[in-house]
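Please put together the full structure from these sequences, using the hints given.
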Amino acid sequence: MIADALFQGQLIVLLGAVLLCVKPLGTYIADVLDGSATRVLGAGRRFEGLIYRSCGIDESRDMGWREYATGLLLLNVLGAVVLYLLQRWQGLLPLNPQHFDAVSADSSFNTAISFVTNTNWQGYAGESSMGYLVQMTGLAVQNFLSAATGIAVAVALTRGFSRHSRAAIGNVWVDLTRSTLYVLLPLSLMLGIVLASQGVIQNFSGYQEVTTVEATVYQQPRLDPTGRPVRDATGNPLTEAATTWTQTLPMGPIASQEAIKELGTNGGGFLNANSAHPFENPTAFTNLLEMFAILLIPFALTYTFGRMVGDTRQGWALLAAMLVLLVVLANVAYYAERGPSPLLNREGVDQLASALQPGGNMEGKESRFGISGSALFASVTTATSCGAVNSMHDSLMPLGGFVPLFLMQLGELAPGGVGTGLYSILMFAILGVFIAGLMIGRTPEYIGKKIEALEMKLASVFILTTPFVALLGTAVAVSAAAGRAGVGNPGPHGFTEILYAFTSAANNNGSAFGGLSANTVFYNVSTAIAMFVARFWPIVAALAIAGSLAAKKRVPVTEGTMPTHGPLFVALLLGSILLVGVLTYVPALALGPVVEHFKLAALR
Amino acid sequence: MWVRMLRPSISFLGVMTVLLGLCYPAAMAALAMGLFPHAAHGSLVFRDGHAIGSSLIGQSFTGAGYFWGRPSATSPQPFNGMASGGSNLGPLNPALADAVRANVRALRDADPGEHRPVPVELATASASGLDPDLSVAGVAYQVPRVARARGLSQEALQAIVDAHTRSRLFGFVGERTVNVLEINLALDSMSRVR
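Line by line, the protein sequences give chains Y and X. Position 98 of the first sequence, counting from 1, maps to 97 under numbering that gives the first Met the number 0, and the rest follow consecutively. Position 102 of the second sequence, counting from 1, maps to 101 under numbering that gives the first Met the number 0, and the rest follow consecutively.
What the hints contain is simulated information worked out from the structure, not anything from laboratory work. Being a predicted model, the structure only gives us computed values, none of them experimental. We treat Cβ as the ideally placed atom computed from N, Cα and C, and that holds for glycine. Please note that a few of the clues may not be correct.
Unchecked claim - Here are the simulated distance ranges between beta carbons:
{"no.": "1", "chain 1": "X", "residue 1": "M0", "chain 2": "Y", "residue 2": "V585", "range": "20 to 30 Å"}
{"no.": "2", "chain 1": "X", "residue 1": "H49", "chain 2": "Y", "residue 2": "I528", "range": "30 to 40 Å"}
{"no.": "3", "chain 1": "X", "residue 1": "G62", "chain 2": "Y", "residue 2": "L471", "range": "15 to 25 Å"}
{"no.": "4", "chain 1": "X", "residue 1": "L21", "chain 2": "Y", "residue 2": "V193", "range": "17 to 27 Å"}
{"no.": "5", "chain 1": "Y", "residue 1": "A16", "chain 2": "X", "residue 2": "C22", "range": "44 to 54 Å"}
{"no.": "6", "chain 1": "Y", "residue 1": "A16", "chain 2": "X", "residue 2": "M0", "range": "36 to 46 Å"}
{"no.": "7", "chain 1": "Y", "residue 1": "A484", "chain 2": "X", "residue 2": "L43", "range": "38 to 48 Å"}
{"no.": "8", "chain 1": "X", "residue 1": "P93", "chain 2": "Y", "residue 2": "A484", "range": "13 to 23 Å"}
{"no.": "9", "chain 1": "X", "residue 1": "P75", "chain 2": "Y", "residue 2": "G34", "range": "34 to 44 Å"}
{"no.": "10", "chain 1": "Y", "residue 1": "Q218", "chain 2": "X", "residue 2": "P93", "range": "17 to 27 Å"}
{"no.": "11", "chain 1": "Y", "residue 1": "S459", "chain 2": "X", "residue 2": "M0", "range": "21 to 31 Å"}
{"no.": "12", "chain 1": "Y", "residue 1": "T233", "chain 2": "X", "residue 2": "P93", "range": "53 to 63 Å"}
{"no.": "13", "chain 1": "Y", "residue 1": "L471", "chain 2": "X", "residue 2": "P75", "range": "52 to 62 Å"}
What the hints assert, rightly or not - Covered stretches of chain Y (chain X as the covering partner; in silico rule of three or more C-beta atoms under 8 Å from a C-beta of chain X):
{"no.": "14", "segment": "42-54"}
{"no.": "15", "segment": "75-85"}
{"no.": "16", "segment": "181-190"}
{"no.": "17", "segment": "210-216"}
{"no.": "18", "segment": "236-249"}
{"no.": "19", "segment": "472-478"}
{"no.": "20", "segment": "511-521"}
Claimed, not checked - Covered stretches of chain Y, as calculated for chain X (at least 3 residues, CB under 8 Å):
{"no.": "21", "segment": "5-16"}
{"no.": "22", "segment": "99-109"}
{"no.": "23", "segment": "116-130"}
{"no.": "24", "segment": "448-460"}
{"no.": "25", "segment": "533-540"}
Okay, here's the thing in structure tokens:
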């Protein structure tokens with residue numbers, strides 16, 4: 000099949016391009032963050048020093064894990080407060096040409112937590128609620144800072160392995176500043192300008208009204224003089240015919256935001272349709288570029304890890320495990336989506352792939368991306384913590400929707416979010432060596448450090464927090480009338496919408512089965528709590544492990560040391576990830592996408 | 000400890016907000032508007048001096064003499080630029096079958112003599128509701144109807160379609176598509192709807 004070959008070709012080119020950048024970018028990030036990239040750091044020295052001086056930061060201070068964690072938490076809580084206030088005071092602030100009023104309290108709270116936690120779950124529609132000032136100084140700033148937070152935690156944990164007999168893990172302000180100034184900002188500038196060349200807009204104009212070629216005739220709800228919908232005797236809202244010759248095109252500084260949205264694995268779109276919107280993702284080329292940008296830093300950080308601990312093979316082993324999961328699940332998504340839908344077989348629709356069309360399940364997909372570019376994007380965005388979407392996941396086939404759901408449930412580590420992917424997979428590496436240690440009867444070790452009771456407890460807390468939050472949230476929502484009221488599709492698909500929402504929130508992904516009406520007090524508050532707990536509780540656990548490991552002596556490598564860079568370890572790591580993910584989520588998955596798959600198959 | 004760290008936190012957030020929230024987008028705007036002014040402002044298309052749309056944003060076409068684009072699930076009207084989004088109907092939802100049936104019927108009504116199966120992109124709603132493109136199959140299906148409405152031969156119309164068909168990037172990335180607004184404007188510039 001030609002279409003299948005095109006998909007595999009696109010997958011190979013995407014991953015090939017990313018892999019080519021892993022070593023150079025990974026080296027660069029490591030050298031910038033440990034201070035050995037003297038040329039770059041020398042050039043930025045004066046500006047960097049200015050930031051430290053103006054903020055009263057002592058950059059030479061080496062912090063213990065408690066101080067490091069306190070700084071991170073303070074910055075993030077403050078960021079959430081500022082973002083909340085920016086939305087609430089939007090009506091009074093400048094750079095708001097559409098004069099959008101204040102966002103509601105519950106929606107502002109949800110969005111503030113959502114962007115600070117790198118989730119970027121969107122209950123609001125950007126083009127009809129957020130002015131440019133809120134988008135730029137609120138949302139985009141948190142896009143940078145939440146990604147920098149991820150890098151900082153990943154590097155601090157790496158120092159836990161690379162240092163010894165010293166209970167300090169670095170300076171949180173220096174790590175945040177350098178990740179932002181030398182990594183995220185220059186990459187965003189480069190990506191943004193390429194996106195702008197392809198049609199992603201960047202301006203501060205008011206929305207553009209155009210007169211369309213043909214008139215659009217449509218039905219709209221009939222309203223009484225007070226603005227309430229008029230209903231007939233049976234309670235159904237009445238509609239009336241309307242005609243319009245105008246189309247309003249949203250404007251705004253999108254290219255700058257789009258770039259960090261992908262590079263920082265944030266995923267919060269400037270516009271409601273996110274990366275499906277032609278102003279955010281206008282061509283097949285930008286689509287490929289955006290997927291590349293999403294995967295770039297998370298994969299490169301595995302090399303950063305290997306370099307910082309002095310054995311790059313350790314980083315490649317982590318990368319290999321990530322790659323296996325991503326390639327296998329992206330293929331599942333593609334083959335689920337390209338097949339004809341039995342539901343549409345009776346409707347006289349041609350769903351077969353040919354030289355003239357991609358065919359397959361095109362509901363909720365864009366023509367320029369087809370099945371390949373959509374299935375691949377859905378996998379990439381959930382294998383990381385990005386959550387940008389270029390197709391509507393709610394309209395994916397049952398197994399096509401299973402893939403993004405399951406990729407999130409595995410803990411988003413294939414390759415995961417910026418920084419979060421690395422520290423998440425390191426937790427499973429710790430779990431893996433622990434299981435292996437039990438089998439062979441030795442104290443587990445990883446990268447020259449003994450893994451003892453404290454580390455295992457903290458790693459367990461880290462690994463179990465997310466599924467606990469995701470499943471508890473789902474259980475509460477399906478039990479509460481307010482939770483069930485949001486469901487947009489009947490049957491098992493409705494359950495999957497709720498499961499997907501809390502899985503996405505708890506894993507700080509941000510993609511959604513959008514049929515769920517989530518801009519309600521119930522969902523705004525419950526998902527915000529899920530996002531916050533599942534972001535910062537694991538971060539504190541990871542930093543505590545970093546502090547504990549850094550203080551330990553280094554264990555010399557002996558004949559009895561289990562190597563953690565070969566295929567055996569990769570298999571062990573994959574086994575631990577799948578064991579936890581599958582055991583935790585199979586019952587919930589069985590009630591959702593699995594049942595739906597068999598119901599759909601029965602239509603054939 | 001946390002009180003002592005409050006000042007650096009507040010100052011750091013302030014400095015970063017100015018740098019990342021104001022300087023960065025302003026610099027990007029200066030670059031984008033300087034280098035790619037047409038794209039930076041939305042790739043607008045003008046006819047007789049008036050903005051008639053954007054080549055990146057689809058429009059609603061329902062006349063027999065125009066190529067129709069992807070069905071749009073935006074509300075209240077299709078192709079509503081202020082409310083981008085898809086239908087979000089699940090694969091087993093009866094409402095999805097209803098919507099597809101309605102789209103197929105509209106095409107059949109516009110061309111009762113046409114009995115080929117309808118290409119899936121003409122029957123299903125796009126993700127953004129603003130999809131500007133259509134597969135080659137979706138365009139080919141409409142060639143007989145548009146040719147008849149405009150008094151063109153199918154061969155002449157097919158030549159215009161071929162000239163507007165975009166190939167895949169590097170030969171394998173993306174899909175072969177036709178921009179619906181652009182081809183309709185090209186048709187208007189050379190022929191009238193009868």
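Check: Tell me, which hint numbers fail for this structure?
Finding: 1, 2, 3, 5, 9, 12, 13, 19, 22, 24 and 25
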